[in-house]
Structures are given as structure tokens and as C-alpha cells.
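K.L.:
Chain by chain, the residues:
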Amino acid sequence: MNTQILLSAQTLDIQSCIDWIMSPESGGIDVFIGTVRNATKGKKVLKLDFEAYEPMAISEMNKIAAQAFERWPVQKILIHHRTGLLQVGEVPVVIAVSAAHRDAAFDACRYIIDILKQTVPIWKKESFEDGDVWVAAHP
Amino acid sequence: MKINILAFGVTREIFGSSEISLEMTNDATISNLKYLLEQQYPRLKQLSSYMLAVNNEYALPGDTIHERDEIAIIPPVSGG
Numbered sequence: 255m256n257t258q259i260l261l262s263a264q265t266l267d268i269q270s271c272i273d274w275i276m277s278p279e280s281g282g283i284d285v286f287i288g289t290v291r292n293a294t295k296g297k298k299v300l301k302l303d304f305e306a307y308e309p310m311a312i313s314e315m316n317k318i319a320a321q322a323f324e325r326w327p328v329q330k331i332l333i334h335h336r337t338g339l340l341q342v343g344e345v346p347v348v349i350a351v352s353a354a355h356r357d358a359a360f361d362a363c364r365y366i367i368d369i370l371k372q373t374v375p376i377w378k379k380e381s382f383e384d385g386d387v388w389v390a391a392h393p
Numbered sequence: 416m417k418i419n420i421l422a423f424g425v426t427r428e429i430f431g432s433s434e435i436s437l438e439m440t441n442d443a444t445i446s447n448l449k450y451l452l453e454q455q456y457p458r459l460k461q462l463s464s465y466m467l468a469v470n471n472e473y474a475l476p477g478d479t480i481h482e483r484d485e486i487a488i489i490p491p492v493s494g495g
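Listed in order, the protein sequences are those of chains W and S.
FYI, in the numbering used here the residues of the first sequence are 255 to 393.
FYI, in the numbering used here the residues of the second sequence are 416 to 495.
Everything labelled a hint here was simulated from the structure, so no lab data went into it.
Treat the hints loosely; a few may be bogus.
Stated by the list, open to error - Heads up, simulated DSSO-like pairs for lysine-lysine below, C-alpha to C-alpha not over 30 Å straight-line:
no. : chain 1 : residue 1 : chain 2 : residue 2
1   : W       : K379      : W       : K298
2   : S       : K449      : W       : K371
3   : W       : K379      : W       : K301
4   : W       : K297      : W       : K371
5   : S       : K460      : W       : K295
6   : S       : K460      : S       : K449
7   : S       : K417      : W       : K301
8   : S       : K417      : W       : K295
9   : S       : K460      : W       : K379
10  : S       : K449      : S       : K417
11  : W       : K379      : W       : K317
12  : W       : K317      : W       : K371
13  : W       : K371      : W       : K301
14  : S       : K417      : S       : K460
15  : W       : K297      : S       : K460
16  : S       : K449      : W       : K297
17  : W       : K379      : W       : K297
18  : W       : K379      : W       : K295
19  : S       : K449      : W       : K379
20  : W       : K298      : W       : K371
21  : W       : K295      : W       : K371
To be verified - What follows is a set of in silico ranges between Cβ atoms, one per label pair, in the way DEER data are often shown:
no. : chain 1 : residue 1 : chain 2 : residue 2 : range
22  : W       : R325      : S       : P476      : 25 to 33 Å
23  : S       : R483      : W       : K317      : 46 to 54 Å
24  : S       : P457      : W       : M276      : 22 to 30 Å
25  : S       : Q454      : W       : Q372      : 42 to 50 Å
26  : S       : D442      : W       : A354      : 24 to 32 Å
27  : S       : G477      : W       : T257      : 47 to 55 Å
28  : S       : H481      : W       : K317      : 43 to 51 Å
29  : S       : M416      : W       : I272      : 26 to 34 Å
30  : W       : A263      : S       : M416      : 28 to 36 Å
31  : S       : Q454      : W       : A354      : 54 to 62 Å
32  : S       : S432      : W       : H392      : 17 to 25 Å
33  : W       : K317      : S       : G477      : 16 to 24 Å
34  : S       : S446      : W       : D368      : 27 to 35 Å
Yeah, the Cβ is synthetic: ideal placement off N, Cα and C, and Gly gets one too.
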């Protein structure tokens with residue numbers, strides 16, 4: 255298998271992502287690690303709560319990986335995403351791409367996170383000191 | 416026909432439930448469903464946007480809904 259997709263309520267294990275993506279054929283590995291930031295527009299963020307429509311989210315993540323394989327000469331793609339409650343500094347998403355040459359790995363990794371944020375049915379609720387907000391829900 | 420609609424994120428809060436049921440005619444389309452939903456839940460019109468999914472795929476306004484389809488309302492996504 256050259257694709258690994260995971261939605262998990264458990265802490266993402268970054269080292270095991272890297273171990274999986276490594277191969278003797280690779281000349282470069284690009285890893286994107288998303289982290290929970292402590293503020294949004296100057297307001298202190300306490301925590302984030304992620305919710306997913308799981309079967310569709312898995313299906314959309316597989317589609318993005320398939321598109322990346324079509325567009326770039328990459329060897330392996332890993333997309334892991336969290337669900338549930340995350341504190342500041344925790345990791346909601348890990349994307350790893352391996353390729354023979356670095357340009358393809360960089361470009362595909364960037365593409366995967368950008369499209370994931372547009373199409374994969376996952377939602378986050380930000381908790382502030384004065385209440386909770388579903389991100390991007392309202393104009 | 417009776418259809419069930421799964422709801423997530425802000426739409427789960429608007430519906431007050433993670434699943435609702437509606438009665439629709441047999442040849443109903445996604446746009447018919449949107450119209451009905453917005454009549455019953457006017458707060459949907461305040462969202463930046465939302466999509467409907469049928470059987471785990473984003474649906475187009477003209478798509479026909481069938482009984483036993485898995486339908487979900489998809490408010491603006493914010494993963495990553």
C-alpha cells in the first residue's frame with residue numbers, strides 16, 4: 255500500500271508516520287504537522303474540538319491522495335487527522351509525502367493540506383474565554 | 416418517502432439533533448431539500464454556505480434523492 259489514511263480520537267504518533275513513509279527508494283520526505291495555535295485574531299484559544307463525518311472524510315482524503323499521485327511523481331502519501339478535544343500545542347493533522355526528488359514531495363504535501371482544508375468534512379469548534387465558535391460557519 | 420439527514424458541526428446545533436427526518440415526494444431533488452430545510456430551519460440561511468452529500472459524495476442541486484440514500488448536511492468545513 256502506498257497510501258495511509260487515518261482518522262483517530264487518539265494522539266497522532268508523528269514518529270510512526272515518519273517510519274511508515276520512509277523507504278529506500280525515497281530521496282526526500284516532506285512532513286506537514288498542523289498544531290493548535292494559542293490565539294485566533296488576538297483572542298486566546300483555550301481548546302479545539304474536532305468533529306468528522308467519518309466515512310465521507312476518509313473517502314475525500316483518499317480522493318486527494320489519488321489526485322496527488324496523478325499530478326506528481328510521489329511514492330507514498332500519509333494523511334492522519336484527529337477528532338475530539340485538542341489542547342494548545344497538540345497535533346490535529348499530519349501529512350507526509352515521499353518522492354525520489356524533493357520538488358514533488360513539497361508540492362504534493364502543500365496541495366494535500368490546501369485541498370483537505372477545502373473539501374474534507376471535518377469541523378472544528380474553537381473555545382475562547384467568552385464562548386465557543388464553529389470555525390468558518392458564519393460570514 | 417421519508418428521508419433522514421445527518422448533521423454535523425453548526426448544523427447539528429441548528430437542528431438540535433445529529434439526525435432529522437423529513438417527508439419528501441419520490442422525485443425530490445437536492446434543491447427541493449434545501450428549500451424545505453431552510454423553511455424549517457431559517458438559521459441555515461445565515462451560514463457562509465453549506466452543501467448536501469448523498470452517499471458520501473457532494474451532491475449537485477439537480478441530483479435526485481432516493482429512499483434509503485445516506486444524506487448529510489455539510490456546513491463550511493474547517494479541518495486541518
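K.L.:
When the hints from earlier in the document are held up against this structure, which numbers fail?
P.N.:
7, 8, 16, 23, 24, 25, 26, 27, 28, 29
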